[in-house]
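A.B. asks: Sequence:
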Amino acid sequence: MSLFKTRDWWSVGVGEEEEFDFGCLTVGNIDNSSDDLGKYNLSQSDMTSHSIRYTHNTDSTTGIKAFDLLETVAMSDNGTSPSELCQARSVTESNQLAVLHPRKLAVYSIKAISGTVEHGQQYQIQLLYEHNLQRTTYNFCYGPFGGVKGKDFICVQSMDGTVSFFEQESFAFCRFLPGALLPGPISYIPRLDSFVIVSSSWQAESYKYQSLASAAESPGVNETQNIKSGKKVVADWTFSLGEPALDIYVMSGIQTSQQFFVFPGERNIFCLSEGGVLKYMSKMEYDPTCFCPYASLAEGTINYMVATTTNSLMVCQDVTLKWAAKLEHVPVQIKVANFQDLKGCIVTLSDDGHLQCSYLGTDPAIFIPPSTEARELNYQAMDLEMSKLQKKIREKAHKSVITPNLKTDDDLQLSVQANQQLDDISVSMIRTLDRDSLYYVFLFQITVKSKTLIENIQIDIHTNWPLASSQYSYEIPSLESGKSTELSVKYYIKGHSLPCNLVSEVTARYLNAVGAPRIVTAKVKLPLKLIVRPVYPMKNAEYKLTIDTNKPPVNLNDIFPDLLGENAGGAGAALGFQFFGGPTVTILASKTSQRYRIQCDQFEAMWLPLKELVERMSSYLNRGKSGDFKPSFDGSLPLQEYFELIEAHFEYRMNSVKCKEMLGQRSSQFRVIQRRLLTKFKDKTPSPLQNLDTLLEGTYRQLLALAEAIEDNDHAQNVTSNNLSSGTYLLNYLIKLWLDLSEEEFNILTAAITPRVNDNDQHGWEEMVDAAVTHLLRTVLAKTAKDTAINPSPLTIPNDTSKVKKHLALFCDRLGKGARLVEGLRGKNLVVQAPVSVSDINSSSGQMIWILP
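Per the numbering used here, the very first residue in the sequence shown carries number 1; after that it's consecutive.
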């Protein structure tokens, strides 16, 4: 926005109910007079061509006069296109007017005939010659192509990107530009004898005239406009603009012969050197309509004007805004011309034919506000009013609510209830799922109750693989106040893997009465019998854990009444559970001591039965008044078994990286072979394939094999991720029982050694856990000041797992020696058994027996 506006010097409305666009304005010495001043202006519309002369009367009160209109000629073709003044006739070096029609290129001359009337001379427009074109035209440029002196040749660009060259009255040749889909701006550079265009891919490209002229398919044969093929033309340089360009302008230096190319775009202005190197780029904060460069007074700088859609004219030097003025209309084309009475006049043309000559100046729209009535100030009344206002402010401040009162309950209530019996497998589920991985289905009822009218309620159900649900989302269009609705969802296990937890989340999303989004979440604990079945207990197992309690031993039949099966009626000292498609877990209860043993041939499979045992015993033993049931763990931490899970998971991660790298290499090789085969097939002279077809087929088979290998590796990685997650849950829980951690410390532990194994291309579980454990070792678990000075390593994929295993072992060792995860708890003197290595584990009567593979 500007404080000033352009000063009107001369203006007129051209045509009636006609439309004008870029290229319809030409300013120059049309009649080839000796003064060489741009006294004349030619403006073209859809049907007519107007020649207008500006009066040389210096009387500022005089406006447009009748004899300012020189000539009006009706064009034979509808929809005229751009026009230019050039030396387009071979017998003379005077200026002619070249007009581009949709299917024709016409060249006119304007002659002045002396007269005896008041306005002096008469003007006549005469057609010199024309070229009929076989393609629909878009734009054209002119210049001394090939370095010819005193003549201008014309290059016409068609709608299909073809360029046709005319040497004045004769046709020269046609060429196809490579990759041309849509036409764009084109300009000729006389110094380089090159053409610069903007292609449909928004790239600035430069082509030598000699390269275009010598690219004929059959040299020595007369050229015609009806060409269908030709040799490929190679560009001298290209530059990606990234946006369409409005036009191309060539600017020259004042003292040097160096030239610059200016590309005004829709959002940016690019300035390139002769070699296609970016000189600068200016980002526009407005929508431009037209652009016009003009003479520069400083060497190496470019001056230009930009008109915008907000009736503004911006005058810039390189990337600096020098002046801004307000226009009376939105121009579609702008020119700078010299007239007899005014040098450097700004000529603008709007889309409705408003032609104006103006100049810059400080002509503001001055608004003088009326003077206010002077009166004396009453300070007593002002003090009284101020005291009243301050009193109101204090009263409002005591009653105001700084933060809104949040409701303690939501407008929507969500509850989930489980069916006590397992449902039969439906035929539809057998058809859609793998029968080998589908065992039992457990039905849950989701009840949604609303206190107010709520619309568009979205219910989402989330489970962790291999657990799945029959439906993952529901949509309730509307729920009235006080009403409820029930939804049924079936849970089952899908896939051959151990689940890491039995918790499913049901989430309801909706908008409340004021339009704010709300979320209500209900957690569902799935029963253990969904993933295991009762079997006979095993006497021997590879891995064993012993849990101590402070209560007398109880009958396991009372703890697991729903999972007795063939063990019903037994002594209740041992129970066996087998995961569907997995290992068997045995739970043993001591008859004389307060210990329970869990054993299995797979280490991570003991997590869910151990968790279920502790939860059920706590619920069973805390029914009375004495709710002080407390489990503990006095054995050695199974770090070696846990490290084996980390190794297996990391191995599949590295296999995935290697397979993807190999897949990328084979894909590149496949594309190279395809290109070579395509080149041989396109060659008119048959040549042997040199076993490229065999190599292509072999590479294709390798691609298929690699894709299958990546898919199999991803499935195996998901299985090992679940195993690692279960092992992490188990290790964290054993550390909690081992050190009697508080809830705050246990939350820190699970945040550092997270059981959520989510791998991606950037970061994996190993490096994230290593960074978290290293941070704890440098802060709350630091023994000396030297430990705190260790810089953390970047989150990159490690070469092996030695570092994370070393840090985990050191972490457990410092916890076992009395360090705590929360400051202020170091005063607790705990006597615990520190974790030991595998070689130090010996069997004794008071300790659990480990049999390692």
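Derived from the structure by calculation, the hints contain no laboratory data.
Note that the Cβ used here is the ideal one computed from N, Cα and C, for glycine as well.
Heads up, a few of these hints could be off.
Each pair of labels, with its calculated beta carbon distance range [claimed, not checked]:
# : residue 1 : residue 2 : range
1 : GLY242    : LYS483    : 52 to 58 angstroms
2 : GLN762    : ASP236    : 52 to 58 angstroms
3 : LYS388    : LYS322    : 18 to 24 angstroms
4 : GLN762    : LYS611    : 40 to 46 angstroms
5 : GLU566    : LYS806    : 19 to 25 angstroms
6 : GLY570    : SER593    : 15 to 21 angstroms
Below, in silico cross-link-like pairs of lysine-lysine (BS3-like), each with a Cα-Cα straight-line distance of 27 angstroms or less [what the hints assert, rightly or not]:
#  : residue 1 : residue 2
7  : LYS529    : LYS660
8  : LYS343    : LYS326
9  : LYS231    : LYS591
10 : LYS529    : LYS630
11 : LYS490    : LYS529
12 : LYS391    : LYS449
13 : LYS817    : LYS803
14 : LYS736    : LYS806
15 : LYS630    : LYS523
16 : LYS539    : LYS523
17 : LYS611    : LYS494
18 : LYS525    : LYS483
19 : LYS539    : LYS525
20 : LYS539    : LYS591
21 : LYS232    : LYS786
22 : LYS806    : LYS817
23 : LYS483    : LYS539
24 : LYS630    : LYS684
25 : LYS736    : LYS805
26 : LYS786    : LYS805
27 : LYS682    : LYS660
28 : LYS525    : LYS660
29 : LYS231    : LYS529
30 : LYS783    : LYS736
31 : LYS660    : LYS680
32 : LYS523    : LYS494
33 : LYS232    : LYS684
34 : LYS5      : LYS322
35 : LYS525    : LYS490
36 : LYS551    : LYS494
37 : LYS658    : LYS680
A.B. asks: In ascending order, which of the hints set out earlier in this document are inconsistent with the structure?
C.D. replies: 2, 3, 4, 5, 7, 9, 12, 16, 19, 21, 23, 24, 27, 28, 29, 31, 36 and 37
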